[in-house]
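**Student:** Chains E and W, in that order, are what the protein sequence lines are.
Those letters in the first sequence? Residues 1037 to 1148, by the working numbering.
Those letters in the second sequence? Residues 1037 to 1148, by the working numbering.
Keep in mind that the hints were calculated from the coordinates and are not lab data.
Please note that a few of the clues may not be correct.
Identical chains blur together in the list; that is why a pair holds if it fits in one copy or across any two.
[To be verified] Heads up, simulated EDC-like pairs for lysine to aspartate or glutamate below, C-alpha to C-alpha not over 16 Å straight-line:
1) K1099 x E1057
2) K1144 x D1128
3) K1144 x E1048
4) K1098 x D1051
5) K1109 x D1088
6) K1042 x E1057
Letter by letter, the chains look like this.
2 protein chains.
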Amino acid sequence: MSYKIKSRIWIEHEDNVLLGEGRVQLLKAIDDTGSLSKAAKSLNISYKKAWDLIDSVNKSAKKPVTINSIGGKGGGGAELTEYGKSLIHAFDDINKNCWDFLDLQLEKIKSL
Amino acid sequence: MSYKIKSRIWIEHEDNVLLGEGRVQLLKAIDDTGSLSKAAKSLNISYKKAWDLIDSVNKSAKKPVTINSIGGKGGGGAELTEYGKSLIHAFDDINKNCWDFLDLQLEKIKSL
DNA sequence: ATTCGTTATATTTGTTTATATATAACGACT
DNA sequence: AGTCGTTATATATAAACAAATATAACGAAT
Chain E
1037 MSYKIKSRIW IEHEDNVLLG EGRVQLLKAI DDTGSLSKAA KSLNISYKKA WDLIDSVNKS
1097 AKKPVTINSI GGKGGGGAEL TEYGKSLIHA FDDINKNCWD FLDLQLEKIK SL
Chain W
1037 MSYKIKSRIW IEHEDNVLLG EGRVQLLKAI DDTGSLSKAA KSLNISYKKA WDLIDSVNKS
1097 AKKPVTINSI GGKGGGGAEL TEYGKSLIHA FDDINKNCWD FLDLQLEKIK SL
């Protein structure tokens, strides 16, 4: 066959983008590295882009998703809140379900 | 509440993009106007972009989706094939089902 | 043969987007 | 007070993308 169906989903809150695939990927990288700059480097995006993204995420969310500390031991860092972890978990779950659902729907195209 | 979930889906065939929302919109406009240039104008996109899109669609599809005639009465024109019409119908159906599915899934975020 | 409005194609211009660079602010620690 | 590596922010540069422009090809009709 070689038909494929692909999707991008994102969640808005009060008309601001809260979560999308890129943002979730970044949040995971922050969880892995403990640092926004290292997370950006690991995803090969500029620090500015990464900063803008998590700034937007935190401004859109009703509770903080990351806690960014500046100065201090190690110069600072960033880490996920429990709320942030549950958000990315829910997003991943929805995204995976969407893929499975669309794979089934794709039969409608294959049969044409 | 004011949470919203949004999505973009697209279908690939042999690793080329066959259909997406923009392409389907363009195909519908061709069906309405009988002309690629008029369709482009109605969607406020450049003629080149429109042409590139339907060229890509026809190259990706296993059967022609539009028939473009050049010269002749009226200078030419473009129209959908029956295959093309059934494709956009299937796409719209899948897309709508996806929206409904995601709206249900969104509860997982709202409850956080 | 000429006109017509369209498709087809290349080239140029402009706009938006992303990247790179630079600098300041910060706070624990020595 | 000085050092450290980070976040925060602005500005400048580069790259990607979209739009505008120009021109040729086409074929039915006159």
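**Student:** Against which earlier hints does the structure fall short, listed by number upward?
**Tutor:** 1 and 5
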